[in-house]
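S.K.: Chains S and Z are the protein sequences, given in the same order.
Numbering of the first sequence is given in numbering that gives the first Met the number 0, commencing with residue 0 and proceeding in unit increments.
Numbering of the second sequence is given in numbering that gives the first Met the number 0, commencing with residue 0 and proceeding in unit increments.
Only pairs whose alpha carbons sit at most 25 Å apart, straight line, appear in this in silico BS3-like list of lysine-lysine:
hint: 1; chain 1: S; residue 1: LYS374; chain 2: Z; residue 2: LYS56
hint: 2; chain 1: S; residue 1: LYS300; chain 2: S; residue 2: LYS58
hint: 3; chain 1: S; residue 1: LYS124; chain 2: S; residue 2: LYS144
hint: 4; chain 1: S; residue 1: LYS304; chain 2: Z; residue 2: LYS56
hint: 5; chain 1: S; residue 1: LYS328; chain 2: S; residue 2: LYS33
hint: 6; chain 1: S; residue 1: LYS190; chain 2: S; residue 2: LYS227
hint: 7; chain 1: S; residue 1: LYS378; chain 2: Z; residue 2: LYS56
hint: 8; chain 1: S; residue 1: LYS190; chain 2: S; residue 2: LYS173
hint: 9; chain 1: S; residue 1: LYS372; chain 2: Z; residue 2: LYS56
Just so you know, the hints here were simulated from the structure itself, not pulled from any lab data.
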Amino acid sequence: MIRYRRRTLLQAGAAFAGASVLGFPAIVKAQTEKIRIGHLTPLTGFLGVIGSYAQLGAKLAAEEINSSGGILGKQIDLLSEDSINPATAATKAQRMLEQDGAVVLLGEISSASSLIIMQVAERNKKVFFSTGARSDALRGKNCNKYSFHCDIPNTVMVNAVGTALSQKGMVKGKKFFTLTADYIFGHDLLKAAKTFFGAHDANLIGDELIATDVTDFSPYLLKVRQAKPDVVCCNLAGNQVTNLVKQYAEFGFPYPLVGFNLNTGDAWAAGAGNLSGTWPTVWYHTLDNPASQAFVAAFSKKYGKPPENHAWIDYVTLKLLAEAINTTKSTDSGELIGYFEKQAQFDIGKARKAYFRAWDHQLVQEAYPFTVKPKDQMKDQWDMLVLGDAVPAANDPLETIYPTREQNPCEMKA
Amino acid sequence: MQFEFLLEQVVNGLVLGGYYLLIALGLSLIFSVGGIVNLAHGAFYALGAYVCVELTKSLGFGAAVVVSPFAVALLGILFERFILRRFYTADPILSLLVTFGLAMVAEQAIRMIWGAAPVSTEIPQSFRGSVIVGDFLFSRYRLLILAVVAAIMVGVWLLLHKTSFGRVVRAGIQRPDMVAALGIRLQPYMTAIVMLGVGLAALGGAFFAPITTVHPAMGADIMTVAFVVVVIGGLGSFWGVIIAALLVGVVRGIAIHFEPAAGEASIYILMFLVLLVRPRGLLGERIEKFE
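Bound conformation, chain Z alone:
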């Protein structure tokens, strides 16, 4: 019985990892392509949740969870065009400062628009409750999230590896100077990547709005875990981020199973161990411009 309980935690950890992945993948993509640590990434996650709560009132939850990431992705265009673009080749401290400032501005803006008190929404009745398969119990709603995340990851992988768009982006990560020499402007690709990245974060926020507290500082809260995932996974690796996100979810679940008090600390211990053995992260590639 003990083993089955443990297995149940592992599977649940994988589901949670899928959710972390939504936030971490965008962070990693923007970091890889633009060389920018986007400290404002959490703000887009929070915006996704708030826009979803707001749209749910008129459109219903199903439509809101689809529309909200697209709405936030449109904001991403402005973010890239007017802010990030100025900092790709600048001293990284500047982009850190500007995205850090933007995160604070966004949090205050949310506070001014929606107030400091949390807003709430709920899961549609049809997705409430658990599904029991054999001895395993799954939250119906989280299974839905997992299915959507899996579909999105397949889509993003195809986009990056099977399309000309993806080839340019990947080349841009490794040798931006060579891409430029071939006469390809990376900027439109960067806009698209930022849209994709913040859109995924917003989707994470929208999905978690009904099962977590939707409050102005929620963006700052999620950033720590997202950073842990990116650092463990390694820069520039699509699979690295996926493996790291799932690993973080599973390690946390196992830790809580055996030693609940160590649950939250376990992911930092994991990060510490990974960095000790592989400073580049699990699947991090050697990227010239970061060396």
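Looking at chain S on its own, in the form it has when it is part of the complex:
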């Protein structure tokens, strides 16, 4: 009989568990006749679910562009990989630009990973579209000339929901308790929330920073109850929103739960009957707009389910990039940046056209608050949300909900 030591076994077990979180680079074939575009998004971890949607959206866009003749007469070769974590995201971004010959990068949901890809893009002087990261700091103090930001920033989400809550009398003089994701995105969201609370006479009576690997929220929920707030506010991201929403429903607290960040994928995962309250979103598949509905139809036909907001944002980003390359007839970073900085307008499937603001590279667009449909009114498992009116209102300039130049410390180096 072979004798072996318990510790050896456990060490080997731990080594295997560790190996499972490492990614393996894709094997790439040289294809000179194609325009290569690098796409990174988390496919594993707490953002993996919504990242999978982002990947499907980007792939659909690439297919549609290729079937209508490609860009500059060439086909797009989309390299789409799991970004895993900030360190791996940086390595993969560098490899895509340096070895694989990607002319531009797009993707990402994690603000931490996005921040580091922005630095890689700047070093390599290549354009990067941060499609799904929402931290204000990315388009604020960390902004750079090569990075463009497609999703709505934290401040806009806070303003969209905050305004809706104010109208219901749920802000002024109320006691808030926040649960915040403990990384750049969460810290940033909390900062935006505090600014909003301060400006609207709300009191923040408690905040808990929560590590991104927490799945059981019961100890935090006990602390919420001990504080007896008027409103509980979720500043979490990804799967954690789903877990919190489910466990909040489990404990059945009387304090309404609202949140400054939610992706529709997380709402679907929470399921009917668990989610309630008012939340922000950048897009939803029931949005009444012809371009949006054409995308929803194509996506649903191909994948058998409706697109989530990250599928939409990666889809429209690749589309507008193709439009920019075709218009400028160039993949040169300088040409593209110049084109976007002229604030060219793009149809992104919303009532009003969007544009990248020249001085901070933020895609200026409408946002929406939403509430949750009663279970018996849902047509299917995805028909969960009731979109509120777009913000800003149709007669207000789009930029009214975005941080102003005074509020946003972005200094773009030449």
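Fit chain Z to the supplied structure of chain S, relying on the hints for placement.
M.R.: Structure of chain Z alone, referenced to chain S:
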């Protein structure tokens, strides 16, 4: 008031520990009897959750949470008969490789069957909400879980200590060669232990399906905590795993009470300290074949 809040966290930690126990006990049993670190254990936990969600649609949650562990336990028979059995006496690296591979295959299979997006189910209305006893607040649903776990632990203890089945299993852990010399084949017992172990993991998955995200990688997520519990408790000890599971739940609750940021790290610090003082784990027995 501060003390009562702390006590509330301790009690809540015990409840959470009960849930960890469901996953860790099976891992420990399979490890003790077969000498196999079952890296695929989390996959059975995930399957339990998915099967429960699926069955809830036709049978309702109550029946699904009962049927799902049995269905997964039946899969456990195949797992033991066709995979684990080949590796009891082989180099442990082989069983690590094969169970690690199986965990990946299972995760991908779940992705192919149910998709990458999470599936969801909800707690029946009657188990929603909290019960307030004095100053303490309990989730009604978690109290139910705790009661079931307690009943199961009593059952498993009786099975291992008061039945001839249990005597053979315990003898098999300590001296498999002697059991063989007495003319007892350990294989059927091993099948039963694997069924029990993966069935308990599946029950954990089924119970947590309504209050956590049911996604393909959930099995890999739970394995880390399960390993921590087994390592702290010590190999081969029924009570060791129970104490460790409860301790992990309580330490996490207390850490979150005082220093929320240290909540998740606290259980690893606990493991580190226990290993420093008692490398064998709290109640780990000296088992010849592992020395």
